[in-house]
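Trainee: Build out the structure end to end from the sequences listed, making use of the hints.
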Amino acid sequence: MTTEAATIGLTHGGSEDTGLGHRGPESKSIVVPYGFWLFVLSDMVLFSALFASYATLVHATDGGPTTNQLFDRNLVAIETVALLVSSFVCGLAMITAKRANMMATQFWLLLTGLLGAVFLFIELYEFTKMVGEGAGPQRSAFLSAFFTLVGCHGAHVTAGLLWLGTMMAQIWAKGFQQHITRRLLCFSIFWHALDIIWVAIFTIVYLIGTLP
Amino acid sequence: MTENEDDLFDVAPGSPHNNVLSEYVAYVIGLGLALGLTAVSFWVASTSSLWGPGIATGLVVLAIAQMGVHLVFFLHITSGPDNTNNVLALAFGVLIVFLVMIGTIWIMAHMNANMSASPELMNLQMQH
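Residue numbers (our numbering), protein chains in the order written: chain A, 4 to 215; chain B, 4 to 131.
It is worth saying that the hints were derived from the structure and are not from the lab.
These numbers were taken from a predicted model, which means no experiment stands behind them.
Cβ atoms here follow ideal geometry from the backbone N, Cα and C, with glycine treated the same way.
Simulated coverage check for chain A against chain B, where a stretch passes if three residues somewhere in it have a Cβ under 8 angstroms from a Cβ of chain B:
| # | segment |
| --- | --- |
| 1 | 30 to 36 |
| 2 | 83 to 94 |
| 3 | 203 to 213 |
Pulled from the structure, derived: some chain A residues nowhere near chain B, Cβ distances all over 10 angstroms:
| # | residue |
| --- | --- |
| 4 | L73 |
| 5 | L78 |
| 6 | N104 |
| 7 | T161 |
| 8 | L164 |
| 9 | T169 |
| 10 | W175 |
Mentor: Structure below.
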């Protein structure tokens, strides 16, 4: 280790951290999920812009349907529980993956995907129902903002399901190699983050939107 | 997730680790708390026994609490020294999220209030 590298902070400090460590950079199994964590946080910044535009436009209904007329709390409750349990089961899959237990991991991942599919199915049902009632995204600024915000979350869930299927196939074909479990960890960060964003959506859009 | 966990000084976000609670227990507690907070949110939104104007604020507080539960029990963000980098990144993300949301809502609400000299015109602009 050269003094130069230590001086400009290229190395990593240990517990006796002086900022001038002697261990070198962290392993890939730390750096890659950390980079993905940064991506997820920037994704949340993207959603914050969509939330801000939704909050600004929520009353601009142009004489069309309002939040109280459109949203069904019972459907939202089912969606919420499905996505929350999916997130929980994804955590169980991470524990079994750590122990390299193939059948248990595949089972939990499959359950994660099925619950995610239930969520997506209900959301698509809600969207088609709204469009069928003439409450599509072109109806008013409120509905444009609604479909952008909730649709963007739904698109993330769809991408997550595709990723999940890919990960199940990769674990099956290649086993619990380090680069595979690293990808699986990134997927679990993504999936938990989607549930965090959904908490904001069901509160701000659906619950506050249907207050009497 | 890693083979030499004791040898590492940083922990990746979302990686299960058992320095405080057993792994399963952490997830089960998280699920219980999240389900509880969700149930309270739906109850608060539908009850008539609470002070009406405060309900929206209460719901936002409950949502933030639930996000905290998810971060701690599912993504395993802790205050430990191995989590410093994760927490700092999270803090910056939260800062930007709040700046964008509160800034936008604040400014747009004030523009709406201060530009109401001609309600008909305002109506046209806001509703199209």
